[in-house]
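Read in order, the letters of the sequence shown correspond to residues 2 to 227 in this note's numbering.
Worth flagging that the hints you see were computed from the coordinates, not collected in a lab.
There may be inaccurate statements among the hints.
Distance ranges between label pairs, derived from CB positions [what the hints assert, rightly or not]: (1) S124 with V47: 22 to 32 Å; (2) V139 with Q206: 11 to 21 Å; (3) N25 with W62: 24 to 34 Å; (4) G23 with W67: 25 to 35 Å; (5) L60 with S124: 17 to 27 Å.
Note that CB positions come from ideal geometry on N, CA and C, so glycine has one too.
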Amino acid sequence: MVTDKGRMFESNEFVTWINELGCNLHYITPEMHQANGQAERYMRTVLNMLRIQTNHKNLQWSETLWKLQLVLNITRQKTTRVSPLNLLIGTESTTPAIRALVRDVAIEGSAPNREALREITRSRTRELLRSNQTKQDVQVNQRRCIPRQYNVNDLVFVIKYSQSSGKLDSGMRGPYKVVEVLPSGRYTLRLLGGNYGKITQAAAQFMVPWRGEWTPETCAAFFESK
Numbered sequence: 002m003v004t005d006k007g008r009m010f011e012s013n014e015f016v017t018w019i020n021e022l023g024c025n026l027h028y029i030t031p032e033m034h035q036a037n038g039q040a041e042r043y044m045r046t047v048l049n050m051l052r053i054q055t056n057h058k059n060l061q062w063s064e065t066l067w068k069l070q071l072v073l074n075i076t077r078q079k080t081t082r083v084s085p086l087n088l089l090i091g092t093e094s095t096t097p098a099i100r101a102l103v104r105d106v107a108i109e110g111s112a113p114n115r116e117a118l119r120e121i122t123r124s125r126t127r128e129l130l131r132s133n134q135t136k137q138d139v140q141v142n143q144r145r146c147i148p149r150q151y152n153v154n155d156l157v158f159v160i161k162y163s164q165s166s167g168k169l170d171s172g173m174r175g176p177y178k179v180v181e182v183l184p185s186g187r188y189t190l191r192l193l194g195g196n197y198g199k200i201t202q203a204a205a206q207f208m209v210p211w212r213g214e215w216t217p218e219t220c221a222a223f224f225e226s227k
């Protein structure tokens, strides 16, 4: 199971329950997408739709989720040029026919023509997704550079835009001390102030070196050197 580092996922009860089920628990690095960026983008669309329903229409997200799922399933996507429902059952349809058609998918040879068209559509969709992925990679990599490397005991601030409290909030949190170097430019950090000792993870591109506070003593030493 892959989750963020929310407290509910780090609690002893939850971790014990996951272990008893024979599952492994993996935490993602904050602010960093998983391998499937297209799925992450899709989830962002779902969250935006839920915000509209809950904030402006005063609805419970659990009560409106099925409606949003239906809308997304029958909406033709920009990249694939077909709806997700079409890729699943081979036709554009809405309720109440959806349940019957989904059930027919499990029956081999129930509708040869529809199944043939569905496989052709799926093949074309794979090519379109692969082409779109290549274009996105090229666009992103044009502005990408090798991130700075840090060592154990380095002091850093971490950029956390998701925790910003307003327009004037810089989004910087810390300072943190690097306690472990992880693969793929990730680091384990320990908070030095506030909730002292709190452990988190961050990617190098969201970390900024911290040189220490400007105190009267350090300022005096600076001007004396001049």
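Hint check results:
1. A C-beta distance of roughly 27 Å is found between S124 and V47, which places it inside the suggested range of 22 to 32 Å.
2. The hint said 11 to 21 Å for the Cβ distance between V139 and Q206, and at roughly 19 Å that hint holds.
3. Distance hint check: the CB atoms of N25 and W62 are about 29 Å apart, consistent with the given range 24 to 34 Å.
4. A C-beta distance of roughly 31 Å is found between G23 and W67, which places it inside the suggested range of 25 to 35 Å.
5. A hinted range of 17 to 27 Å is violated for the C-beta pair L60 and S124, which are about 39 Å apart.
The structure shown violates just one earlier hint, number 5.
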